[in-house]
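Asker: For reference, the chains in residue letters:
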Amino acid sequence: MDVQLIAMQLLSGAVLGAVLVMTALGFTIIFGMLGVVNFAHGALFMIGAYAGVAVAMQTGSFWWALLVAPLAVGALGLLIERFLIRPLYNRPADDPILLTFGLGYVLVEVVRIVFGNDGIPFSTPAALVGVVNLGIGYFPIYRLFVIAVVALILALLWLGLEKTRFGLIVRAGARDPQIMRVLGVDMRRLWFLVFGVGIGLTALGGVLAAPMRNVNPEMGALVLAEAFVVTVIGGLGSIVGAVVAGILVGLVVSLTSLVAPEMATISMFALMALVLLIRPQGLFGRAGA
Amino acid sequence: MAMLEIEDLNAWYGASHIIHGLSLTVEQGEILALVGRNGAGKTSTIKAVMGLMPRATGRVSFCGRELLALPAHERFRLGLGYVPEERRIVPGLTVRENLQIGLVSSRAPIDEDEAIDEIAQNFPRLKERLGQQGSTMSGGEQQMLAIARAMISKPKMILLDEPSEGIMPVLVEEMGVLFRKLRDSGITLLLVEQNVEWALKLADRAVIIDQGEVVHRASAASLLANAEIQERYCAV
Ligand SMILES: Nc1ncnc2c1ncn2[C@@H]1O[C@H](COP(=O)(O)OP(=O)(O)OP(=O)(O)O)[C@@H](O)[C@H]1O
Ligand SMILES: [Mg+2]
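Going down the list, the sequences are from chains A and B. Going by the working numbering, the first residue of the first sequence is number -14, and it counts up by one from there. Going by the working numbering, the first residue of the second sequence is number 3, and it counts up by one from there.
Simulated from the structure, these hints should not be mistaken for lab results. Misleading hints may appear alongside valid ones.
[To be verified] No farther apart than 30 angstroms at their CA atoms in a straight line, the calculated lysine-lysine pairs in the DSBU-like style are these: (1) 156(B) / 183(B); (2) 158(B) / 129(B); (3) 148(A) / 156(B); (4) 203(B) / 158(B); (5) 148(A) / 183(B); (6) 183(B) / 129(B).
Let's have the full structure, built from the sequences with the hints guiding it.
Answerer: Encoded structure:
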């Protein structure tokens, strides 16, 4: 097999991984801070893609879709936290799981009713159509754009977390919510915002993925499984872990599909099993946490 | 009016009733020592004031404001500082960041660099380590950091839960000097201690609790002289 083909496949894997990172980040942050395993996360990815379709149809512009859809779905996330998740904070851990599990189904059904069962094509924005010669082969411009957007979002997240007062509160609140409360931080408000940001990120993943995949009501199901796998591999609640594991899963799935396409999905679970055997807390997880 | 008034406080962990009708007051500008044997309910009492007990009833007022109905974060904003028994230095944060989190919700805007400089005067050892991970410091240094974090927002009152525990004697002496200085600058202290003699030497008054109830109140000086009472309620 030639090296160029492998290199191109790795690049495709990085694109796949980049979209995964957007979803897994929110999933792992929400789990790490709120202690909520959000089973509606995949459905909200799908809602992000549909919101992108809807905004693009209304405005005729992909760029508006890219901007507005994540914000709108993030706002939906705020409502979900406020009215559905928050009442369950002092209840057993199963309750938010059951709730988000059910919510995921409800969202999928609502989309089916509104948009129908069939997939909707979402065309690549005109400015990003075509391929570019990378020297080792031709690669779609849109896919490079996806990598760039995700890199930009990660850089902004990193700056926000490391360099701002709000970021400090988030980092500290993730490690010790109780001490933050007696230092005057309203943790419920923080959780509310974190949930909204996490949902906005997965919605952005949905919009970015839309031109590369068929937009249909089921598209979130695999994404949820992937986010789960990435979170376990990276370490529960670890942001760096989600980024590294997301890319890693993208690469492994992509390479496997080159040699044995039918094994692609399974390879990601095999990787998870392997990591669990060698390092049960995940690559960047804290032991005992 | 006393600065902190606790009246008929009852508190529970789940079904276990831990504090039974406890009442005490702390006057503005004094050091009150709260002592008693292990499991007497000292930590639980402080937690009830800070809003960390799962359930508490009675009346707790601070500067005239009723506390029990307020969530923990709003109590802090009234000017209450807290140094927890386990210190609770946040892992993953540097010493500087552990000080900064003491400022994120302070009542009045405080200049961060100025505040950290001021803190460094009281704690020279912290100053040399501002960039170090807080949780990698020695136990004594972490205790200093926990105290500094509580002081940095300039609270009116600080509740200290066994600050001298596990600290070497020289540092305990230094800590005593600091607490006197804080009191002289008008800050009120509630000092929970196992190191009874040290606490009584520092304090103005003392309250002894046992099984969640007050069993003795006295001036610190008279309790210091009363070996029998000390033996009865504080011996481990
Ligand atoms: N999280 C908890 N759940 C249940 N019971 C608890 C909990 N924490 C403390 N207790 C119980 O409450 C009682 C009072 O504990 P508390 O920590 O207030 O005592 P203390 O006076 O601070 O003791 P020490 O000197 O050992 O710190 C003890 O009987 C203890 O076993
Ligand atoms: Mg205690």
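Asker: Is residue 158(B) close enough to residue 129(B), meaning Cα to Cα at most 30 angstroms?
Answerer: At roughly 24 angstroms apart (the allowed maximum being 30 angstroms), residue 129(B) and residue 158(B) satisfy the hint.
Asker: Would the hint linking residue 148(A) and residue 183(B) be met if the CA-CA limit is 30 angstroms?
Answerer: violated, 35 angstroms
Asker: Has the given pair, residue 156(B) with residue 183(B), been kept, meaning a C-alpha gap of at most 30 angstroms?
Answerer: holds, 14 angstroms
Asker: Keeping to a limit of 30 angstroms between CA atoms, is the pair of residue 148(A) and residue 156(B) held or broken?
Answerer: OK: residue 148(A) and residue 156(B) at ~24 angstroms, within 30 angstroms.
Asker: Next pair to validate is residue 183(B) with residue 129(B); report whether the Cα-Cα distance is within 30 angstroms.
Answerer: holds, 19 angstroms
Asker: For the pair supplied as a hint, residue 203(B) and residue 158(B), confirm whether the alpha-carbon distance does not exceed 30 angstroms.
Answerer: holds, 22 angstroms
The structure is inconsistent with hint 5 alone, although it conforms to all the rest.
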